[in-house]
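Chemist: Let's have the full structure, built from the sequences with the hints guiding it.
Number of protein chains: 2
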Amino acid sequence: MVMLDSLKNLLPQKVSTAPTDLETHGKDESYPVRHPPLAVVFAESLTDIQTTLAWAREHHLPVIPFGAGTSIEGHVIPQGRAISLDVSRMNRVLEVRPQDFMAVVEPGLTRKALNEALKGTGLFFPVDPGADASLGGMAATNASGTTTVRYGGMRHNVLALQVVLANGQVLELGRGVRKTSAGYNLKDLFIGSEGTLGIITRLFLKLHPIPEHIHTLRVFFDDLSDTAQAAYAVMASGMPVARLELVDEVGIRAINHYLGRSYPEKPALFVEFHSSTKEALEAESSMALGLMQETGAISIDTARTQEERTAQWEARHQAYWALVNLFPGKEYLSTDTAVPISRMPDLVEYSSRLLREMGLTGNILGHVGDGNFHTLVVCEPGDPRAEVFSERLVEHTLALGGTCTGEHGVGLRKKKYLSKEHGPALDWMRQIKQLFDPQNLLNPGKIFD
Amino acid sequence: MVMLDSLKNLLPQKVSTAPTDLETHGKDESYPVRHPPLAVVFAESLTDIQTTLAWAREHHLPVIPFGAGTSIEGHVIPQGRAISLDVSRMNRVLEVRPQDFMAVVEPGLTRKALNEALKGTGLFFPVDPGADASLGGMAATNASGTTTVRYGGMRHNVLALQVVLANGQVLELGRGVRKTSAGYNLKDLFIGSEGTLGIITRLFLKLHPIPEHIHTLRVFFDDLSDTAQAAYAVMASGMPVARLELVDEVGIRAINHYLGRSYPEKPALFVEFHSSTKEALEAESSMALGLMQETGAISIDTARTQEERTAQWEARHQAYWALVNLFPGKEYLSTDTAVPISRMPDLVEYSSRLLREMGLTGNILGHVGDGNFHTLVVCEPGDPRAEVFSERLVEHTLALGGTCTGEHGVGLRKKKYLSKEHGPALDWMRQIKQLFDPQNLLNPGKIFD
Numbered sequence: 026m027v028m029l030d031s032l033k034n035l036l037p038q039k040v041s042t043a044p045t046d047l048e049t050h051g052k053d054e055s056y057p058v059r060h061p062p063l064a065v066v067f068a069e070s071l072t073d074i075q076t077t078l079a080w081a082r083e084h085h086l087p088v089i090p091f092g093a094g095t096s097i098e099g100h101v102i103p104q105g106r107a108i109s110l111d112v113s114r115m116n117r118v119l120e121v122r123p124q125d126f127m128a129v130v131e132p133g134l135t136r137k138a139l140n141e142a143l144k145g146t147g148l149f150f151p152v153d154p155g156a157d158a159s160l161g162g163m164a165a166t167n168a169s170g171t172t173t174v175r176y177g178g179m180r181h182n183v184l185a186l187q188v189v190l191a192n193g194q195v196l197e198l199g200r201g202v203r204k205t206s207a208g209y210n211l212k213d214l215f216i217g218s219e220g221t222l223g224i225i226t227r228l229f230l231k232l233h234p235i236p237e238h239i240h241t242l243r244v245f246f247d248d249l250s251d252t253a254q255a256a257y258a259v260m261a262s263g264m265p266v267a268r269l270e271l272v273d274e275v276g277i278r279a280i281n282h283y284l285g286r287s288y289p290e291k292p293a294l295f296v297e298f299h300s301s302t303k304e305a306l307e308a309e310s311s312m313a314l315g316l317m318q319e320t321g322a323i324s325i326d327t328a329r330t331q332e333e334r335t336a337q338w339e340a341r342h343q344a345y346w347a348l349v350n351l352f353p354g355k356e357y358l359s360t361d362t363a364v365p366i367s368r369m370p371d372l373v374e375y376s377s378r379l380l381r382e383m384g385l386t387g388n389i390l391g392h393v394g395d396g397n398f399h400t401l402v403v404c405e406p407g408d409p410r411a412e413v414f415s416e417r418l419v420e421h422t423l424a425l426g427g428t429c430t431g432e433h434g435v436g437l438r439k440k441k442y443l444s445k446e447h448g449p450a451l452d453w454m455r456q457i458k459q460l461f462d463p464q465n466l467l468n469p470g471k472i473f474d
Numbered sequence: 026m027v028m029l030d031s032l033k034n035l036l037p038q039k040v041s042t043a044p045t046d047l048e049t050h051g052k053d054e055s056y057p058v059r060h061p062p063l064a065v066v067f068a069e070s071l072t073d074i075q076t077t078l079a080w081a082r083e084h085h086l087p088v089i090p091f092g093a094g095t096s097i098e099g100h101v102i103p104q105g106r107a108i109s110l111d112v113s114r115m116n117r118v119l120e121v122r123p124q125d126f127m128a129v130v131e132p133g134l135t136r137k138a139l140n141e142a143l144k145g146t147g148l149f150f151p152v153d154p155g156a157d158a159s160l161g162g163m164a165a166t167n168a169s170g171t172t173t174v175r176y177g178g179m180r181h182n183v184l185a186l187q188v189v190l191a192n193g194q195v196l197e198l199g200r201g202v203r204k205t206s207a208g209y210n211l212k213d214l215f216i217g218s219e220g221t222l223g224i225i226t227r228l229f230l231k232l233h234p235i236p237e238h239i240h241t242l243r244v245f246f247d248d249l250s251d252t253a254q255a256a257y258a259v260m261a262s263g264m265p266v267a268r269l270e271l272v273d274e275v276g277i278r279a280i281n282h283y284l285g286r287s288y289p290e291k292p293a294l295f296v297e298f299h300s301s302t303k304e305a306l307e308a309e310s311s312m313a314l315g316l317m318q319e320t321g322a323i324s325i326d327t328a329r330t331q332e333e334r335t336a337q338w339e340a341r342h343q344a345y346w347a348l349v350n351l352f353p354g355k356e357y358l359s360t361d362t363a364v365p366i367s368r369m370p371d372l373v374e375y376s377s378r379l380l381r382e383m384g385l386t387g388n389i390l391g392h393v394g395d396g397n398f399h400t401l402v403v404c405e406p407g408d409p410r411a412e413v414f415s416e417r418l419v420e421h422t423l424a425l426g427g428t429c430t431g432e433h434g435v436g437l438r439k440k441k442y443l444s445k446e447h448g449p450a451l452d453w454m455r456q457i458k459q460l461f462d463p464q465n466l467l468n469p470g471k472i473f474d
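From first to last, the protein sequence lines stand for chains V and W.
When we follow our numbering, the leftmost residue of the first sequence carries the number 26, and every step to the right adds one.
When we follow our numbering, the leftmost residue of the second sequence carries the number 26, and every step to the right adds one.
Don't take each hint at face value.
Chain copies aren't distinguished; within one or between two, either way the pair holds.
As the list claims (entries may be wrong) - Taking lysine-lysine and the DSSO-like style, the derived pairs with C-alpha atoms no more than 30 Å apart in a straight line are: (1) Lys-231 <-> Lys-445; (2) Lys-52 <-> Lys-445; (3) Lys-441 <-> Lys-231; (4) Lys-458 <-> Lys-441; (5) Lys-52 <-> Lys-33; (6) Lys-440 <-> Lys-458; (7) Lys-33 <-> Lys-440; (8) Lys-144 <-> Lys-52; (9) Lys-440 <-> Lys-39; (10) Lys-33 <-> Lys-231; (11) Lys-440 <-> Lys-355; (12) Lys-355 <-> Lys-52; (13) Lys-39 <-> Lys-52; (14) Lys-33 <-> Lys-441; (15) Lys-303 <-> Lys-440; (16) Lys-441 <-> Lys-144; (17) Lys-355 <-> Lys-144.
Hint data in this document are derived by calculation from the structure and do not stem from the laboratory.
Modeler: Written out as structure tokens, the structure reads:
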């Protein structure tokens, strides 16, 4: 294509139209539709991004920022002719300032690579969405994970951003400080904007001290309802739990099968406490255990070594792939509802009943300490029931005061729920999009139609 | 004025042009300029606010939201002909949901009244800017306070907002959940927008368990530099301190004089630890004390009872008024700089030296655990040096990567710093203002000219 030649001339060695690149940039980890971009730009600098955007403006071709491709809502999939702007080569740690609990990084760096680079500093970056996502992508979807109940998600852990707008302008949003009241908070507007307002080119991240003392355990229950109630009891006590994850019986079975574990095949809470003192840790975890025993815990396994802890959280993070592995050749839809914590047991119950009533296979797992969990529905490709299930669950979630997505973002799949969730505020979101990107060049068709 | 008669007819018993009302709504707690509004509307409902806005649109008259009038940067002072929209009658607690750690309140409710209403629930709302500010006003300026180092400021503790736009439209921003990734974060855009984007009419607040165990102490040092270094040492250790406030020698002297205390007249840290267990509390506070002793602590006073604790924090909260009382008839300017925590001792030192070099009287106090502190400069009315001091301090702050305002907001006084702090992002803030309020009716002249 002649037009692409001009892009290749502008960015030699950085533009690919190789079929494998187009294929890997036309899909994500779960969304059932695929659509390759016209080309992939492997940007290596801010200037490369500005060059790509200038070219895109001239040719009226949309640009889709791409990090690690680990999203699951279709965020990186073109909706028509588009260029994929891959930032994975922009993966440097630019600065670590342990004395300020801060790191400055490029958007293509992954969370695991950052934590690797932090070794020896006594600090870590806590947000762990499971996949080894890029930090730019995690900011773009306001990602969170198992430790969010204690450390917060991306909005809490990104102090400032550098972004490039559709018009090529570079903005610095926020400052590397713990608090500021200096004007409108554009930083948090761009976090969660899914690449539709600008391209993230630099992140100022908040780091946390690695806890001196950690207590990690798996607590098993006879039924799912008790499990959810126990999680709520822990949260209602105000205990400073660091991780509080629910995995249902199907999930445990899948983990055992996929990873060769021999966990009791019962619904479980995977729990962790972090503390700066041994005494605090023991006091807090024994109080929480007491609460879980009162709400029906039948057995407790403690992870006593670092290896056992790593193994437990690996199992939790692999739970999605474990289930996928259990049902080869199927399609998967993961819901991502979040509700006020007291409503969580109700929603877990509702979700479980709805799976049964609709005769669907699936499992329930997630960040119940935040009121957020995922129901992974397994269907034959093209079976419309997964979508019907999702619609009913979201409807019940919104009625309980919840949100259609706690952490995965809107992408393509949840656009239809936003009008009900936000009412007239949605139209103002559209107007902000129009303000920052009047040509609709940045990731069009995501969040809004 | 005939025009105002039509407003009075629309809102009988709710519109005042009484000189005392105009006077109290034409000033704040510190800004030296006063300018009465044309009238004060005492809104009692969302409808009253919409009625006022419709009238204001028709008459092209600006509207300034007014809560408790406790801001200090000129936020509520008209810049010309304007109506003051007082929401202090909208002060109901609409709902308390202890099981979700949430309360729903009207904007005129003050933080102390909320905590009074929460008695018996075991929960509290932590943000304490000193003054008994309205919660709507606190959200409008993204206020914080002594406990922010542990519990966060308003952005962290407001889950969702209801607002009315200049055009009268009612928006619900955010949901009462712990996390959401559903589209653009308008909630945090409105928090800190200082009444320039919309009128806050309802707040969904996050509550916290009252800590079971509290340890409160005052630690004294020989000089200011040691005090700042000790505060940084505590923060750098990653200790979960709940309050970490610096009060300099002048501040202590003023407190002793104003409140009849007999604290040692030395620079001090006022410190507090919160914990769910006694063991944790003791372990953490003794580690922190060790650090402070290593960095030069010369004496430590412990507040052993609830009364002693209350007295200590009353002293801290009254420190501003204590200094004002020490120098009657003067003018006061309070800076509000915040820097990355490792830069805080440098900035404290700089501020202290600059006061001396300029021959100014003043004191230094504040939330050093957040890298945020205030220098209160005392001058003869009209002395331009206070402003010169502020400019130099902000310039040094920005060079250290900091912000011109950690918690007081921009108002009138800090508009001139925003261009340097935000660069081209400031123009995008202006465009967002233009989008939401094209007639420039809502608190014009604040944040931007």
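Chemist: All the hints need checking, so say for each whether the structure fits it.
Modeler: Verification of the supplied hints:
Taking the closest pair of Cα atoms, Lys-231 and Lys-445 come within 30 Å of each other only across two copies (24 Å); inside a single copy the shortest separation is 34 Å, beyond that limit. For a Cα distance limit of 30 Å, the shortest separation of Lys-52 from Lys-445 inside one copy, 28 Å, qualifies, whereas the shortest one across copies, 42 Å, does not. Taking the shortest alpha-carbon separations for Lys-441 and Lys-231, only the inter-copy value of 29 Å comes in at or below 30 Å, while the best intra-copy value is 34 Å. With identical chains, the CA atoms of Lys-458 and Lys-441 are at most 30 Å apart both within one copy (17 Å) and between copies (28 Å).
Taking the shortest Cα distances, Lys-52 and Lys-33 sit within 30 Å of each other inside one copy (23 Å), while across copies they are farther apart (61 Å). Taking identical chains as interchangeable, the C-alpha atoms of Lys-440 and Lys-458 lie at most 30 Å apart whether they share a chain (15 Å) or sit on different chains (26 Å). Taking identical chains as interchangeable, the C-alpha atoms of Lys-33 and Lys-440 are never at most 30 Å apart, the minima being 34 Å within one chain and 45 Å between chains. In this homomeric assembly, Lys-144 and Lys-52 never come within 30 Å of each other (Cα to Cα): the closest approach is 33 Å inside a single copy and 53 Å across copies.
Taking identical chains as interchangeable, the C-alpha atoms of Lys-440 and Lys-39 are never at most 30 Å apart, the minima being 33 Å within one chain and 43 Å between chains. Proximity of Lys-33 and Lys-231 under a CA criterion of 30 Å is satisfied in neither setting, with 37 Å inside one chain copy and 52 Å between copies. Taking the shortest alpha-carbon separations for Lys-440 and Lys-355, only the intra-copy value of 24 Å comes in at or below 30 Å, while the best inter-copy value is 58 Å. When the C-alpha separation of Lys-355 and Lys-52 is checked against a cutoff of 30 Å, the pair qualifies only within one copy, where the shortest distance is 16 Å, while the shortest distance between copies is 67 Å.
Taking CA atoms no more than 30 Å apart as the test, Lys-39 paired with Lys-52 passes inside one copy only; the shortest distance there is 20 Å, against 59 Å between copies. When the C-alpha separation of Lys-33 and Lys-441 is checked against a cutoff of 30 Å, the pair qualifies neither within a copy, at 37 Å, nor between copies, at 44 Å. With identical chains, the CA atoms of Lys-303 and Lys-440 are never at most 30 Å apart, being 47 Å at best within one copy and 49 Å at best between copies. Neither within a single protomer nor between protomers do Lys-441 and Lys-144 lie at most 30 Å apart by alpha-carbon distance, with minima of 43 Å and 42 Å respectively.
Within a single copy, Lys-355 and Lys-144 get their C-alpha atoms no closer than 40 Å, and across copies no closer than 54 Å, so neither meets the 30 Å cut-off.
Of the numbered hints stated above, those contradicted by the structure are hints 7, 8, 9, 10, 14, 15, 16 and 17, listed in ascending order.
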